[in-house]
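Trainee: Here is what each chain is made of, one letter per residue.
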Amino acid sequence: MSEVRFHGRGGQGVVTTSKILANAFARTGQFGASFPMLGFERRGAPVTAFGRFSDKPVREKTQIYNPDIIVVLDPSQRSSDAVFQGLLPGGMMLLNDSDNTMNVSHENLKRLGIIDANKIALEEIGLSIPNTVIVGAFARMSGLLEIEPCCDALQDYFSGKKLSANIVCAKRGFEEVELFDL
Amino acid sequence: MKPKTQDKTKPGSQIEVITGNAAAAIGAKLARPDVVAAYPITPQTEIIEQISKFHADGEMDCELITVEGENSAMNAVTAACLAGGRVFTASSSWGLVFMYDAILATAGARAPVVMVNVNRETPGIIAVSCGQQDMISTRDAGWIFLIAEDCQEILDLVLQAYRLAEDYDIQVPVMVHYDGFYLSYLSEGVNVPFQEDADRFLSVLNDQPQRTKLVPGGKLGCGTHGILGGYLELRYKHVSAMERSKAKFEEIDKEFQEIFGRSYGGQIEEYRMDDADVVLVGSGSMCGTIKAVIDEKRDAGVKVGLLKIRMYRPFPGEVMVAALKGKKAIGVVDRSLCFGFKGGPIYTELKAFETQLGGSKMMSFIDGIANTDITKANVEQMIDLTCDLAEGKDVREVTWVSYPEAQEPDSEKPDSEKRGGL
Amino acid sequence: MTEKKKGKLTKVLDYLKHEDPFSKGVAFCPGCGLELLLRFIPQVLGNDIVITGTPSCSAPVLLGQNNQSWHTLSYFGTLMTGAAANATGLARYYRKAGIKNTVVCFNGDGTAADIGFGNLSGAAERNEPFIYICYDNEGYMNTGIQKSGTTPYGATTTTTPLGSASKGKNLRRMNLGLKMAMHKIPYAATATLSDLEDLAKKLLKAKEAKERGFAFLHIFAPCTTGWGYAPENTIEVCRRAVKTNYFPLWEAVNGKIRMTKTVKKPQPVSTYTELIKKFAHLNEADLQILQDDIDYEYCMLGGLSVLEGECQLPVSSED
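Just so you know, the sequences run in chain order A, B and C. Sequential numbering from 0 applies to the first sequence in numbering that gives the first Met the number 0. Sequential numbering from 0 applies to the second sequence in numbering that gives the first Met the number 0. Sequential numbering from 0 applies to the third sequence in numbering that gives the first Met the number 0.
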């Protein structure tokens with residue numbers, strides 16, 4: 000089972016990112032479970048979400064304290080202690096940032112993916128909502144998913160032009176994420 | 000919501016990755032209610048948004064009443080129900096207690112209302128967070144209470160709730176509870192039944208005698224004064240119906256399995272109980288985590304099991320005694336408080352069966368209130384303490400797992416005498 | 000009961016086309032305004048109404064005991080807090096099931112104006128398809144005469160008693176009827192027992208209007224026991240309430256108000272209060288406050304009365 004923790008802010012689609020990934024895993028015959036932990040829903044407020052992805056049914060209903068992977072949608076949190084808290088040895092981090100210099104470090108971090116998801120989203124859907132780009136980048140970086148189930152999963156959340164634009168977002172995330180192995 | 004991946008192994012359903020709230024809304028939709036009334040409240044809101052969308056898209060042919068408050072939601076569905084309709088509403092916490100007088104009236108009128116309550120802490124201290132205190136605050140209302148562990152069970156229990164509530168021999172309202180936040184917003188794969196199978200499952204209700212209905216010109220009243228013997232008669236019949244509902248729920252679980260291939264065990268679910276020496280008793284979303292920890296403990300040689308309460312009212316005393324009798328020690332996990340007692344509510348109630356349990360020792364764990372996470376480490380601690388109790392070690396009767404301050408030696412002194420005072 | 004005559008109905012008896020569904024002797028005080036009203040409604044609207052009531056003066060008779068009842072109507076005894084929501088549930092289910100219905104949600108002023116006003120307002124805003132009738136006896140009479148939101152200035156009740164620091168209720172009453180008319184519902188009206196034809200017409204209009212949504216009747220129903228007047232004076236109290244403009248008769252269609260009875264030379268409020276013990280302690284200055292309130296409300300009504308002639312119910316956009 001891979002345990003993933005998502006960090007972002009209200010309005011960035013943090014929760015949707017975790018839902019789409021759970022959906023994509025289900026489409027491969029595996030199991031995904033994700034949930035956010037938030038109080039009042041407000042734009043701009045910090046949001047944390049948790050995802051568990053496994054080949055067996057996920058039973059745990061707790062928050063994630065020792066993630067295998069951390070996904071950071073909000074660049075301002077790239078160096079936050081809270082983001083790295085509990086990261087397991089061999090851990091991965093996916094970072095949404097226009098700054099692709101590899102200046103992030105943590106003793107347990109083994110792989111880092113950086114993608115300028117806001118820019119891609121702005122180009123493809125006209126809004127700086129990075130979530131679907133992140134979905135594609137996550138698939139590539141983690142190696143846990145192909146891009147196809149991710150694109151299929153998008154059908155449950157978008158339709159029409161928005162769907163096709165977001166599929167492009169996911170594919171570009173998959174292709175354009177820069178990977179650094181540490 | 001469009002059809003998703005076909006699950007070939009489970010005929011009659013399709014897998015959708017949905018939240019607990021969506022599962023509740025879909026469960027309600029599959030039951031084809033005549034009247035739905037609801038008012039938004041975190042963390043329930045998504046249910047009524049989803050139902051409103053179903054209604055707007057013509058997928059749900061019901062009268063949708065967007066009331067001005069929860070009290071009206073319960074009054075409206077109760078009346079619609081007694082007029083002969085199938086009804087649904089959903090609430091949580093502050094909303095649930097705002098409809099409290101109506102909840103009592105619904106039960107007193109034996110209106111087979113089905114509702115969902117998304118567990119959240121109640122007023123007193125503002126806490127937009129998970130906890131079963133709302134369930135405890137309404138437990139003596141005369142409703143049947145069911146508790147779900149995951150998104151699948153939410154959907155399944157909503158459907159089963161209609162079979163139970165509207166059964167001619169029962170006719171008692173049913174409330175399906177599930178944890179706010181931890182389940183309401185949890186997205187996971189759910190086998191969503193096909194409409195025809197849901198219809199088949201519920202069709203039994205069409206073949207039974209018609210319940211009494213309030214119809215225009217029918218020269219029939221409801222909500223009369225109950226005086227002396229008349230009052231006692233109605234109350235006795237109500238209590239008896241609640242007792243009957245225990246066996247009925249087990250029957251319904253079996254029939255559900257025949258159609259949908261899923262069974263939960265009825266009033267309680269036993270997990271690795273057969274040879275267990277120590278047992279945790281829990282309910283709701285915590286049970287998934289407890290099962291995962293039990294598996295790890297079993298690998299380490301600890302003989303521990305879980306008794307999951309699925310039906311909380313009526314209290315499943317008989318089956319609990321049968322399952323727990325002879326166990327060395329029982330740790331009861333409550334996600335709520337029982338003011339006036341030190342231990343949690345379920346612990347306090349299970350204590351009433353102490354003699355029948357034949358010497359099993361018992362202890363109370365309070366955890367998970369106000370969104371505090373019932374972590375795997377917490378569960379491990381509870382299992383370890385219950386093992387200590389089994390071995391005769393000196394352990395506290397009540398442990399606030401996430402509040403170690405409660406375990407300090409002077410925790411029972413007046414606040415003014417404590418270190419640091421108030 | 001009288002057979003329907005051809006042509007225009009002119010006499011009040013002509014409106015009483017149905018049986019009185021109540022027993023001859025029921026548990027109301029002699030001279031009770033509520034009883035007269037309660038017997039009148041089904042005789043006009045029909046015995047196939049579903050009537051709902053709450054704990055109140057109407058409860059002993061309307062709600063029955065155990066399996067016994069004082070009447071043959073379909074009824075629902077519900078909560079003061081949610082009476083309008085309860086009626087909503089009935090009316091909505093009947094609509095869904097295609098069952099022809101007239102749901103009459105029958106409540107005192109305590110339910111309508113005070114504890115149940117929120118859900119009354121909500122039902123009106125949603126334009127729920129039923130008739131809400133408030134019988135206004137200006138207080139909580141069943142519990143032993145306490146003040147409510149419609150208790151008028153100066154009236155004594157057991158919670159606004161006379162004392163060295165009190166001359167009865169020191170606040171003016173709310174105008175429940177106008178508040179409801181301002182919901183712009185298909186039909187709202189005031190009525191009372193001295194003008195039975197007016198009342199009967201309004202009941203029938205309400206029945207017609209509820210096909211389009213919410214209908215509200217605010218009915219002045221004096222209480223001989225709680226107010227302190229002779230039982231035989233109930234109708235006279237109503238008559239004087241109208242003649243002094245203490246309780247003007249009007250109706251409102253979609254919020255547009257018109258008077259159904261205009262008093263040419265309104266009498267001073269003292270001709271009304273002199274019959275009633277709850278006002279007996281008021282001096283001229285106190286009565287003037289009451290008079291000013293009456294004049295103010297009547298002036299407001301006048302300003303709002305923009306419709307002329309017989310009010311026609313508008314055709315719903317759904318038709």
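Hint data in this document are derived by calculation from the structure and do not stem from the laboratory. Do not rely on the hints blindly, as some may be mistaken.
Covered by chain C, per the in silico footprint, the following chain B stretches (three or more residues, Cβ under 8 Å) [unchecked claim]:
{"id": "1", "region": "56–69"}
{"id": "2", "region": "162–174"}
{"id": "3", "region": "294–304"}
Simulated pairs of lysine-lysine, DSS-like, Cα-Cα distance not exceeding 25 Å [claimed, not checked]:
{"id": "4", "chain 1": "B", "residue 1": "Lys324", "chain 2": "B", "residue 2": "Lys392"}
{"id": "5", "chain 1": "B", "residue 1": "Lys212", "chain 2": "C", "residue 2": "Lys263"}
{"id": "6", "chain 1": "B", "residue 1": "Lys218", "chain 2": "C", "residue 2": "Lys23"}
{"id": "7", "chain 1": "B", "residue 1": "Lys302", "chain 2": "A", "residue 2": "Lys55"}
{"id": "8", "chain 1": "C", "residue 1": "Lys260", "chain 2": "C", "residue 2": "Lys183"}
{"id": "9", "chain 1": "A", "residue 1": "Lys170", "chain 2": "A", "residue 2": "Lys109"}
{"id": "10", "chain 1": "C", "residue 1": "Lys204", "chain 2": "C", "residue 2": "Lys183"}
{"id": "11", "chain 1": "C", "residue 1": "Lys264", "chain 2": "C", "residue 2": "Lys242"}
{"id": "12", "chain 1": "C", "residue 1": "Lys200", "chain 2": "C", "residue 2": "Lys260"}
{"id": "13", "chain 1": "B", "residue 1": "Lys324", "chain 2": "B", "residue 2": "Lys360"}
{"id": "14", "chain 1": "B", "residue 1": "Lys236", "chain 2": "B", "residue 2": "Lys218"}
{"id": "15", "chain 1": "C", "residue 1": "Lys200", "chain 2": "C", "residue 2": "Lys276"}
{"id": "16", "chain 1": "B", "residue 1": "Lys360", "chain 2": "B", "residue 2": "Lys247"}
{"id": "17", "chain 1": "B", "residue 1": "Lys375", "chain 2": "B", "residue 2": "Lys412"}
{"id": "18", "chain 1": "C", "residue 1": "Lys264", "chain 2": "C", "residue 2": "Lys204"}
{"id": "19", "chain 1": "C", "residue 1": "Lys10", "chain 2": "C", "residue 2": "Lys204"}
{"id": "20", "chain 1": "B", "residue 1": "Lys341", "chain 2": "A", "residue 2": "Lys160"}
{"id": "21", "chain 1": "A", "residue 1": "Lys161", "chain 2": "B", "residue 2": "Lys341"}
{"id": "22", "chain 1": "C", "residue 1": "Lys99", "chain 2": "C", "residue 2": "Lys204"}
{"id": "23", "chain 1": "B", "residue 1": "Lys212", "chain 2": "C", "residue 2": "Lys206"}
{"id": "24", "chain 1": "C", "residue 1": "Lys95", "chain 2": "B", "residue 2": "Lys52"}
{"id": "25", "chain 1": "C", "residue 1": "Lys99", "chain 2": "B", "residue 2": "Lys218"}
{"id": "26", "chain 1": "B", "residue 1": "Lys327", "chain 2": "B", "residue 2": "Lys253"}
{"id": "27", "chain 1": "B", "residue 1": "Lys392", "chain 2": "B", "residue 2": "Lys360"}
{"id": "28", "chain 1": "B", "residue 1": "Lys247", "chain 2": "B", "residue 2": "Lys236"}
{"id": "29", "chain 1": "B", "residue 1": "Lys245", "chain 2": "B", "residue 2": "Lys341"}
{"id": "30", "chain 1": "C", "residue 1": "Lys16", "chain 2": "B", "residue 2": "Lys218"}
{"id": "31", "chain 1": "B", "residue 1": "Lys218", "chain 2": "B", "residue 2": "Lys245"}
{"id": "32", "chain 1": "C", "residue 1": "Lys183", "chain 2": "C", "residue 2": "Lys263"}
{"id": "33", "chain 1": "C", "residue 1": "Lys206", "chain 2": "B", "residue 2": "Lys218"}
{"id": "34", "chain 1": "B", "residue 1": "Lys247", "chain 2": "B", "residue 2": "Lys327"}
{"id": "35", "chain 1": "C", "residue 1": "Lys200", "chain 2": "C", "residue 2": "Lys263"}
{"id": "36", "chain 1": "B", "residue 1": "Lys218", "chain 2": "C", "residue 2": "Lys95"}
{"id": "37", "chain 1": "B", "residue 1": "Lys360", "chain 2": "B", "residue 2": "Lys375"}
{"id": "38", "chain 1": "B", "residue 1": "Lys375", "chain 2": "A", "residue 2": "Lys55"}
{"id": "39", "chain 1": "C", "residue 1": "Lys10", "chain 2": "C", "residue 2": "Lys183"}
{"id": "40", "chain 1": "C", "residue 1": "Lys99", "chain 2": "B", "residue 2": "Lys212"}
Don't be surprised by glycine CBs; every beta carbon is placed ideally from N, CA and C.
Trainee: Confirm or reject each hint.
Mentor: To see whether the hints hold, each was checked on the structure:
1. 56–69: Coverage by chain C holds for the region 56–69 of chain B (7 residues, Cβ < 8 Å).
2. 162–174: violated (count 0)
3. 294–304: n = 0 at 8 Å, threshold three: violated.
4. Lys324(B) - Lys392(B): holds (21 Å)
5. Lys212(B) - Lys263(C): violated (51 Å)
6. Lys218(B) - Lys23(C): Measuring from Cα to Cα gives roughly 17 Å; hence the hint holds.
7. Lys302(B) - Lys55(A): Measuring from Cα to Cα gives roughly 23 Å; hence the hint holds.
8. Lys260(C) - Lys183(C): With a Cα-Cα distance of about 21 Å, the restraint between Lys260(C) and Lys183(C) holds, given a limit of 25 Å.
9. Lys170(A) - Lys109(A): Distance ~24 Å between Lys170(A) and Lys109(A) Cα, so the pair holds.
10. Lys204(C) - Lys183(C): Given that 25 Å is the threshold and the Cα spacing comes to 16 Å, the pair holds.
11. Lys264(C) - Lys242(C): Distance of about 8 Å is within 25 Å: holds.
12. Lys200(C) - Lys260(C): holds (13 Å)
13. Lys324(B) - Lys360(B): Since the Cα atoms of Lys324(B) and Lys360(B) sit roughly 11 Å apart, the hinted pair holds (cutoff 25 Å).
14. Lys236(B) - Lys218(B): It holds: about 23 Å lies between the C-alpha atoms, which stays within 25 Å.
15. Lys200(C) - Lys276(C): Violated, at about 32 Å.
16. Lys360(B) - Lys247(B): Answer violated: Lys360(B) to Lys247(B) is near 31 Å, above 25 Å.
17. Lys375(B) - Lys412(B): violated (31 Å)
18. Lys264(C) - Lys204(C): Roughly 28 Å separates the two Cα atoms, so the pair is violated.
19. Lys10(C) - Lys204(C): holds (17 Å)
20. Lys341(B) - Lys160(A): violated (59 Å)
21. Lys161(A) - Lys341(B): violated (55 Å)
22. Lys99(C) - Lys204(C): Status holds; Cα separation ~17 Å.
23. Lys212(B) - Lys206(C): holds (23 Å)
24. Lys95(C) - Lys52(B): Given that 25 Å is the threshold and the Cα spacing comes to 19 Å, the pair holds.
25. Lys99(C) - Lys218(B): Distance ~15 Å between Lys99(C) and Lys218(B) Cα, so the pair holds.
26. Lys327(B) - Lys253(B): Roughly 31 Å between the alpha carbons, so the hint for Lys327(B) and Lys253(B) is violated.
27. Lys392(B) - Lys360(B): This hinted pair holds, its Cα atoms lying about 11 Å apart.
28. Lys247(B) - Lys236(B): Holds - the C-alpha atoms of Lys236(B) and Lys247(B) are around 16 Å apart, at most 25 Å.
29. Lys245(B) - Lys341(B): Violated. Lys245(B) to Lys341(B) sits at ~29 Å, over the 25 Å cutoff.
30. Lys16(C) - Lys218(B): holds (19 Å)
31. Lys218(B) - Lys245(B): Violated - the C-alpha atoms of Lys245(B) and Lys218(B) are around 34 Å apart, more than 25 Å.
32. Lys183(C) - Lys263(C): violated (28 Å)
33. Lys206(C) - Lys218(B): Cα-Cα ~20 Å, so holds.
34. Lys247(B) - Lys327(B): Given that 25 Å is the threshold and the Cα spacing comes to 31 Å, the pair is violated.
35. Lys200(C) - Lys263(C): Within the cut-off at roughly 22 Å; holds.
36. Lys218(B) - Lys95(C): Status holds; Cα separation ~21 Å.
37. Lys360(B) - Lys375(B): holds (23 Å)
38. Lys375(B) - Lys55(A): Roughly 18 Å between the alpha carbons, so the hint for Lys375(B) and Lys55(A) holds.
39. Lys10(C) - Lys183(C): violated (31 Å)
40. Lys99(C) - Lys212(B): Status holds; Cα separation ~15 Å.
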